[in-house]
Amino acid sequence: MTKAIKAQHRFFVFCVAPSLAVLAVITLLPSLYLLVTSFTPLNLTRPETAWDFSEPLVSYSALLSDDRLGNSIWVQIKLSFWTVALQLSIGVALALLLNVKSRLLEALRTVFLIPMVLPPIVVAIIWKVIYTPDISPMHGIFRSLGLSVPALITDPDWALTSIIIADTWEWFPFTMLMVLAALQMLPQELLDAAKVDGASPWQLTRHVTLPFIQGVLLVAGLFRLIDSIKAFPLIYILTDGGPGNLTEVTNYYSFLQAFNFSYLGFSSAITVVLLAATIALSWVIIRAVGWGVRVD
Amino acid sequence: MQALAVVLAILALSPFLWLLVMSFKTNAEIFRWPPRLFFPPTLDNYAALWTSEFRTSFANSLVVSVASTAVSLVIGVPAAYALSRWTTRAGASITLWILASRMAPPIAFTIPYFLAYRYLELLDTLTGLVLIYLTFNLSLVIWMMRPFYDQLPRSLEEAAWIDGATMWQGFTRIILPLSGPGLAATAILCFLFAWNDFFFALILTRTDAMTAPVAVVNFMNYEGWEWGRIAAGGTMIMLPVLVFSFIVRRYLVSGLTGGAIKG
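Residue numbers (this note's numbering), protein chains in the order written: chain A, 690 to 985; chain B, 1438 to 1700.
Keep in mind the hints are simulated off the structure, nothing from the lab. Just so you know, not all the hints are guaranteed correct.
What the simulated footprint calls covered on chain B by chain A, stretch by stretch (three residues with Cβ under 8 Å from a Cβ of chain A suffice, anywhere in the stretch; the number is not a length) [to be verified]:
# : stretch
1 : 1450 to 1460
2 : 1467 to 1474
Negatives, chain A to chain B, calculated, CB over 10 Å [said to hold, decoys possible]:
#  : residue
3  : Thr726
4  : Phe728
5  : Asn732
6  : Ser743
7  : Val747
8  : Gly759
9  : Lys767
10 : Leu849
11 : Leu880
12 : Leu964
Cβ coordinates follow ideal geometry from the N, Cα and C atoms, glycine included.
Let the sequences and hints guide you as you build the complete structure.
Written out as structure tokens, the structure is:
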């Protein structure tokens, strides 16, 4: 190795080391602590449980027989499926609608982004207002039409749907934005060639545009899927997991176990499983996108 | 086509506009149906907010967000630069690590931080919040700036080295001045992510270090549903966000996806 290259390496290490060191302390160490805690029956109201490793797998075996956890995973699957599916379809539809060169539509694109950039807690407040019959414009309209509609967030048939609607509203701009970005890269020649061959607008969309953006749809869907596992403020503000456990997703159940019931050991075990799922999905994204595999 | 788009936009934004308008209404006006389009607007909700504890929480939010942004940039930017220039086999695993820590459910960090902070006496402190916000903001900086540096040609700093500059000088005098737009966008996104946080602040603060999002929720729980004030508080929290997001709207996609798609 020449002297210059050595100096270069030293410089790179000098640049990267602080970040890696800090990241190790603030992310790796806590993850290990979480893992260690998951092997104890830690309960904050009983301090002697803190470093008790006599039965390391007690929380994990409790996981397997916990019906409430099973229910939360099922709720999570329903929430993830519907929010991702709706966000992808609405996002694609809007992106196709807005992908026209026009001042007005370009301004509208920015307007459509608002739900996504709002602080999640504000989104939750907005929907709390809409779902509270006394002050809700939606319920006002229903009343004027003579329809009697129950308060959706406390109605067992509607609670999860109302969360799905609010979450879809918050995040459809994300898929829309990603699809729009991809559409800008669609080569015009491709469209022109298809038009010369006499393709209808519908055939263009179906056979040229959609295949072109399917990679982006996959990535956008994966990002939303991972994010849907973290759903918190909406559920906290709107339903608090209820009625019953109908909107209690796994993340929320873990939160309740830890900070309402003080079962931090058990909650850690749930969270370790969640974290493993997240890392697996992140790995899938990396494979799909191909970061890190760079040709220089 | 355009008319349809306009109608959809108004429809999509109506829930948001409703909250905005509500913050200028008296309580009687909020419960009125059908609502009046022209009602006498009032600033009472904002005035009530500004004379309450909410002001402290708002300041806390500002301090924590700015501090965590500054620290993340100082540590993260050189790393982003080096990772962009350095072809190392460790690159892929570092990317996975960074992505995973951005994607991890917040509860995964909250439990160990909560336990550790009890011993370190960092519960309910601004320092504690700044530290946990680094978990997402430091990754965000590396994640945003690395693709940005990938686009800057290497010949820039190589020319400086030939002229006798050290590597550090090449970075600070050539590369950093060119990073202005990328740095600004990254800083704003960091600020927004910290500002928007609800979960960490909910669990790791009680009174002293409470941030604005948590304070607004407390209006819901203890003060008997003061809708006007809740709406005003929500509006104040979202105002800086809307302004800043408008500035960085071009970078939103890469900020959220780490350059997977360039918007």
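Each hint tested on the structure:
{"no.": "1", "hint": "1450 to 1460", "result": "holds (count 7)"}
{"no.": "2", "hint": "1467 to 1474", "result": "holds (count 5)"}
{"no.": "3", "hint": "Thr726", "result": "violated (7 Å)"}
{"no.": "4", "hint": "Phe728", "result": "holds (13 Å)"}
{"no.": "5", "hint": "Asn732", "result": "holds (12 Å)"}
{"no.": "6", "hint": "Ser743", "result": "holds (19 Å)"}
{"no.": "7", "hint": "Val747", "result": "holds (17 Å)"}
{"no.": "8", "hint": "Gly759", "result": "holds (18 Å)"}
{"no.": "9", "hint": "Lys767", "result": "holds (18 Å)"}
{"no.": "10", "hint": "Leu849", "result": "holds (19 Å)"}
{"no.": "11", "hint": "Leu880", "result": "holds (17 Å)"}
{"no.": "12", "hint": "Leu964", "result": "violated (5 Å)"}
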